[in-house]
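S.K.: Make the full structure from the sequences, and use the hints.
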Amino acid sequence: MSNPNEATLLKKYASEVFAGLVAPLEGVEISPLTADDPLAKEDALVRMQRELQRALEKPVSERRWVMVIDLRKCVGCSACTIACVAENKLPPGVVYRPVMNEEIGTYPNVSMKFLPRPCMQCDVPPCVPVCPVTATYKNEEGIVVVDYNQCIGCRACMAACPYGARTFDFGYTYTESTPVAEGMIVGRVSAEGYERAAAFEYSEEWPRTNLRASPVGNVRKCHFCLHRLNAGMLPACVTTCIGRATYFGDANDPDSLVTELINKPNVIRLKEELGTEPRVYYVV
Amino acid sequence: MIKKISYAVGALALLFGLWGVYIRLFEGEQSTNYGSYIGWGLWVAMYLFLAGLAAGAYMLATLDYLFDMPQFKGTGKAMLWAALVTLPAGLASIGMDLGHMERIWKVYLEPNFNSFLTLMVWGYTLFFILIAVSLYLAFTRPEKSAMKVVMWIGLVTAILVAGGVGFLLGGNANRLFWHVGLFPVQFPIFALASGAALMLVIVGWFGPKEDHGKRADQLWTLAVLTIILSVVKIYFMVSDYTQSLYGGVPDNVIAVQSILFGQHAFSFWVVQIGLGTLIPLIVLSQPKLAKNDFVAGLMGLFLLVGYAVARILIVVPGQVAPMLPGLAEAFSGPKLTFDYIPSLMEWSVTAAVIGFSILAILIGLDRLVHFNEVKK
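Same order as they appear, the protein sequences are chains F and X. Position one of the first sequence corresponds to residue 1 (the working numbering), numbered consecutively onward. Position one of the second sequence corresponds to residue 1 (the working numbering), numbered consecutively onward.
Some hints could be false.
Pairs of lysine to any residue residues, derived as SDA-like cross-links and limited to a Cα-Cα distance of at most 20 Å, are as follows [claimed, not checked]: (1) X:4 x X:360; (2) X:214 x X:285; (3) F:113 x X:327; (4) X:288 x X:298; (5) F:113 x X:326; (6) F:113 x X:323; (7) X:106 x F:149; (8) F:113 x X:328; (9) F:89 x X:333; (10) F:271 x X:325; (11) F:138 x X:111; (12) X:106 x F:128; (13) F:138 x X:113; (14) X:73 x X:220.
Since the hints were made in silico from the structure, they are not lab data. Keep in mind the model is a prediction, meaning the values are calculated, not measured.
M.R.: Structure representation (structure tokens):
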């Protein structure tokens, strides 16, 4: 409460909300929002969703998808990681977007820094040329994809990626060796059905019924939720971010939020010295 | 006696190895200890070792069939046979490492020639054909010019594929420990050194027992060659490690420290340096000992073990430094770790590969190559 403006704002809205809870619609006057009121601003998600629709109307090759992550806003909740796991039905040991925690300073002067790390979707991706069978490549929209039915599982791309953004699907399941109680819906009985159900990466169905079939035995990676983009939805990590710290959009659109953000001087890209030209930007 | 023991060791290794091969083929890769952060482990290292051994064996066969060196007359077929065995053994080792080995045909029919891995697969296929043709010519018309032409092409190919393996690692600019400009130069030398060690074993333990004087000459020449190559190899290694430590780039320092003082210290100091380098160097520098069949063969074996461990200590430490700080702790799950010690199943598969190689080489020396006859 050290900030007087914050205190005033809270006092004002808290009293109105409280009054509304106690006696809804009776004698409560809601003050209209003014233009400079923070609550009057359009939510970033709404804006990005609108811009996404605009981008999808353009020819595929004219879109330039980028992700912007505001490290000042990230609280390290890992909601994006979990959303990604759920969206892509990732098995144990496969992760597309971990959040790295870094402790800065020594006790008692310590703070934490969080770094979400999706695939960088590099414009000069070191993982692509090393693939012996062109199973991984940049698609027309500039997203580095993996053709699961082409991949031979040699892991050369994993060795080549400077960001550790690729993991290998060894065929693990969450329900393996979990208990089963007869007559009760616990453990494997209830969860296995969900686990075996198809994931929809690359807009195809990938059921996990046969643990010898792809994507088991393949290298897997973040693809900016390509299947969601095709359906007009933002990537799962973007919509799930509780702090609105992850932004996504078309950098070829001069009016988009991501263009606005990456054109400022306080953005960096990871390991830029390697010349990989990442499409993920960090606001610092 | 040594031959019988070698047959028994080969058979036992193969028997133990069949268990691992069964697990790998029918249950997949979960029993391995390599994972998503250390993606290349023992099997890749053994591929480097065995494919290098094949290249080295071929190089040494040229001493007989291409350069007509008198003291190596009669050894060419045995070395070509060893190359013919160890190359597919190495390829089997890397084949086991593939998540979808049934799709290997795609590297031939749907190749990406920008990938150095593709070039290696094609290069090794060509090399295998050249070894087979060389061996065929060695049996049918060893004195003809065709043999010389094929051996020349084979020698150049052997150097290129051995150097190519060095490039496969060294070309990866994102793994600083591997990104050494001299790797493609070092690897053919490593290959030649391992070929010489294999020849010590073959000549010392399984060579023809008559004509003792000539065999002693061969062993002494091989001992001198081995000493020179080992010293060169040590020089390369010391310069790599000191440069890495002195330069102070974290990825390099982490890698070298893991070898010298970390989880690979025992393998490095005891097996690679002690057993695989110092003991053979000391013993082989004594002419009396170096000319002794049993001792020379044993030193060859020690050297081979040392070279195999050296390959592991190139492949694995190159991957121990996290690509980004905190990556190891960011998400937990199976195989998301930067620690690696090969699992029992991995050792088992390697035992199968080695056991197969030992048996195939011995059977070849007994039944196909007729060491005694070709020596004349």
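S.K.: Against this structure, judge whether each hint is valid.
M.R.: Against the structure, the hints:
{"no.": "1", "hint": "X:4 x X:360", "verdict": "14 Å, holds"}
{"no.": "2", "hint": "X:214 x X:285", "verdict": "19 Å, holds"}
{"no.": "3", "hint": "F:113 x X:327", "verdict": "13 Å, holds"}
{"no.": "4", "hint": "X:288 x X:298", "verdict": "14 Å, holds"}
{"no.": "5", "hint": "F:113 x X:326", "verdict": "11 Å, holds"}
{"no.": "6", "hint": "F:113 x X:323", "verdict": "17 Å, holds"}
{"no.": "7", "hint": "X:106 x F:149", "verdict": "11 Å, holds"}
{"no.": "8", "hint": "F:113 x X:328", "verdict": "16 Å, holds"}
{"no.": "9", "hint": "F:89 x X:333", "verdict": "14 Å, holds"}
{"no.": "10", "hint": "F:271 x X:325", "verdict": "12 Å, holds"}
{"no.": "11", "hint": "F:138 x X:111", "verdict": "17 Å, holds"}
{"no.": "12", "hint": "X:106 x F:128", "verdict": "16 Å, holds"}
{"no.": "13", "hint": "F:138 x X:113", "verdict": "17 Å, holds"}
{"no.": "14", "hint": "X:73 x X:220", "verdict": "15 Å, holds"}
Violation of the numbered hints given earlier is absent; every hint is satisfied by the structure.
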